[in-house]
Structures are given as structure tokens and as C-alpha cells.
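Participant: What follows is each chain in one-letter form.
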Amino acid sequence: MAEPIIHIENIHKSFGHIHALRGVSLDVEVGEVVVIFGPSGSGKSTLLRCINHLEVHESGLLVVHGIHLKGARDINAVRREVGMVFQSFNLFGHLTVMDNLTLAQWVVRKRPKAEARETALALLAKVGISEKADCYPSELSGGQQQRVAIARALAMNPSIMLFDEPTSALDPEMIKEVLDVMQTLAREGKTMVVVSHEMGFARAAASRCIFMDEGQIVEEGPPDRLFSAPEKERTRTFLSKVLQL
Amino acid sequence: MSPLGLFKKTGGPGARRPAPGEDPVPTREELGRVPGADLGYRLDPWWWLVVAITGLVIALIVWRADPFLDIFLFVRDGVVVTIVLTLSSFGLILIVGLLGGLGRIARNPVVHFVASLYVEIVRGIPLLVQLIWWYFAAPVVIQAVGTALHISALAEYRANAILLAIIGLVVCYGAYMSEIFRAGILSIHRGQMEAARSLGMNYFQAMRYVILPQAMRVVLPPVGNEFIMLMKDTSLVSVVAVADLTRRGREFMAVHFNPIEVWTLVALLYLIMTLFSARFIAWLEKRRGVGSS
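Protein chains in written order, with my numbering: chain A, 1 to 245; chain B, 1 to 293.
No wet-lab data here; the hints were simulated from the structure. For clarity, every value in this text was computed on a predicted model and none was experimentally measured.
Covered stretches of chain B (chain A as the covering partner; in silico rule of three or more C-beta atoms under 8 Å from a C-beta of chain A):
{"#": "1", "segment": "184-195"}
{"#": "2", "segment": "202-210"}
{"#": "3", "segment": "213-221"}
Using N, Cα and C, we set each Cβ at its ideal position, and we do this for glycine too.
Hey, can you work out the whole structure from these sequences and the hints?
Facilitator: The structure is reproduced here in C-alpha cells:
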């Protein structure tokens, strides 16, 4: 088997008294779509943020794209390979949609502006909002903003995409347009790690689902198996609450 | 919205609704609207005050040439000194304030400590005392150091009043400006920094392209306030041998002894400069969209 693109071994992370991650281990292969779910405070977002080094783990091993994150000399080399989509979009409010997509391309990737623009236009077409290129983020709906955020991350050609509850801040009728874009990416074989409670998306797109609780991975498996026949009691209790909705 | 905007109404009670498919008939307001008016190019109504005070000063000089024309001709080089002093100090204050503000939020404990120490010490000493220290005490210190180290350029240092006044103003106002920039940077949601970093930008690129442009919009009103305060506080340099507007006024009065006319004109000249600055700042704020989301 090929080297996993993300290798996590027994990592720990605390915020003051709160022990957010208690020995998490996880390998993600190229092309996998991993969906992480669990109650709030279970450490799933923290795990995702550690992969991008937005949080620094205290102990354990975290290797992304062959680079050990602990003490990495150039953390930006890792971040360039990892795209991140946030719950609250975090688009740059002072820039147009087009500039949101091109800024990092020429600042970080040093692409000529014309080439950056071309990449941006292609990606905007892909997420279905070409006509909004010259709008400011405040002029867009939540669903449109999140699609721009996905396009912005993709513009850097990352080999891994991380999604941190990408639909939690959206009105119900906008969730589908974002999930559709994510599903397209999954079909194209992009490596994705998604923190989400969208079970429909997990069923349709995930190659593996992970249930986390109290800073640990409780159970993992293919979505069909995990949702219909969970082995652990905690997983069953949580799923019965979520799937009832 | 400008106070004038309150009286503008769209359509009016008799306006006919356009039928579907028909181009709406432009209202009088729409026809009169200049492109870009919403961005603040409409004349700010407070300009009338600038015009009124300027008119008053011109009237005094023309119709009461004795003594107002004489006073004006005598103090006008002081006006130039005040403006040059204000503009040159302010440019440096912005740089010091930016560095100080970044230092105050730095994770590096040494940088944070140095920046905090600077702010705490400087803002605890009156500006007048600081200016006097720079003019009377600093040259002596420089000469003593030069003598001790046998550096003749320093040992023979002669105080340059304007330069030391600028240093005094920059050191003092830089501390206040640091706090303004710190607050402005902290007001930007940390998700912006995280988004920039997760795209692979380093700290300085994220600051330069993402955080600071948004923080500038937030700090523009207090920074404008500092500019006007600085313009008035430059009058303190008149005690350290800088021939600014205030000092020139005092020199004229010492000869002719007409305090009412001299100090009224000096006050009005300061007022014109500060009112004009206030209008300029208001224009900048509108152009940068301060106050809109």
C-alpha cells in the first residue's frame, strides 16, 4: 500500500484544563473522503485544525504530505498542500470574489496575475457563480460565500481539502448547493477530510466515517456499515439522536 | 447618510408604478444623482463652516488691514512651519504606531515587552515635558556621550530645534498611535488570519494583504482624531525655539502689544487648518466606506 497522505499517531492537545484530543490515530490515503462526526466538544474540529497546524499538537506524530508538522521548518510548505474551508467562510471582506481567489495565488504561488485570473474564473464556473466575480462577499448569500471559499482553497491546487463544518452556518435551502460542490470534488478523487453532521453527504460520498467523542476516535468504518450497524453503544446513542431529525 | 439626504424621497406620493416589462421612469432624484455620489463625492455639508471661517479671516485682513494684514504677513511663515511640522511628524507617527501596535500583539515576549514598556512610559509623561527634555536635556546627554567615547561629531552636537521637536512629537504620539493600531488589528476577526495562513501566506503577508487593509478602515476615525490633536499640540513646540504659528504670534505681540487682534487671528488660523483637516478626514472615511458594513 502507498504511504498515507496524512499520518496521525497518538496525538494529544489541551486548551488549559480541557483535554481536547486524547490520543488520536488516523491514516488517510490519497483519494479517500473521510467524514468525521460526533457531539460538540468531541475534538473533531481540533483534529482538523491540527492537520493544518492552526493548532499545534502537544505530543504524538503528525505527518502530512511527508512533512513532520512538529518542528517543521517551513509550515507554509504544508499549508500550501492543504486547503481549508471554515464554518464561517472567512472570505476577505475588503476584496472582491475575484481578488479573494487570486490573492494567495500571486502572493504565495507567484503566479502571473493573468494566469491567476484564469484559474479563478475556471473555479468560479465549477462552483457555479461565475457571474459574481466582481461582487464583494457581503453581497453574497451564505451558500454563495461558502462556494467562493471552496474555490479560493482549490485555487492553490491543494492535494488535501479540509472542511470544518462547512454547512453548519447555512440556511437549510443553501446547504445542498454547497454539498453538491463537495460531492463533485469527491467524485473527482480529491482527498478530503470533512467534519460534518450531513449524514446524507456521508452516505453518498464518504469512503470512511469516523465517530469521535471526548477527544477520542470511538468507531470507524464505511458509512453504510457504521450507520446501520454501529458496534459501540455511544455511537448508537448519538446516531439515534442525529438520524431521528 | 448626510443630513441633506434625510430630505430626499424616492418617487413621492403621486408616482406611478411602472408596468411589468416597462423600464421604470427615473425619478428626479435618480436623474440628479451623480455616479459615485453614494461613495461620498457629494459635498460634505460641513464645508460651509470652513468657508465661513476662511471668509471671516479674509474679511478681517481686507477691511481691517491695520493690524490684521500686518499680523498675517508676520505669522505666515509660522503657519508653514506648523503645517510642515504636523505633516512630517504624522508620517513618522504612522510608522512608529504600526510597529508599536504590531509589537504590542506580538507573541515574542521580548518584542511585546519592549513595545509595552515604550507605551507605558511615554504616555505617562506630559508632552510639554517631553518636548522640553528633548530640546534641553537630550543634546547635553549626546555631548556627554560623545566626549566620553571621543566621538567629536557627537561631542560638538548643537541642538536642532525643529528636528528635536519632531522627535519629541513622534515619540509621544507614536505611543498613542500604537494603541490605536493594536485595537484596530485586534478588531479583525481571527478567522481572517486563519484563512490567510491556511492559504499558505506567512504572518507578514497575511498582515500586509488581509489584516491591515481591513484594520485601516476601523482605525481611520481615531487616526484622524490624532491628526487634528497633533496639529493643535504642535503649538507646544513654541517653547523650544521653533518659530511656529504660536511663537510668531507671541513675537508680534511682544513688539506691538495688541493681544486681542493677535490671538484672535492666530486662533482663527488654527481653526481653518483643523476644520479643513476634519473635512479631509471625513471625505477619506466616506471613500473608504467607514461606517458601512
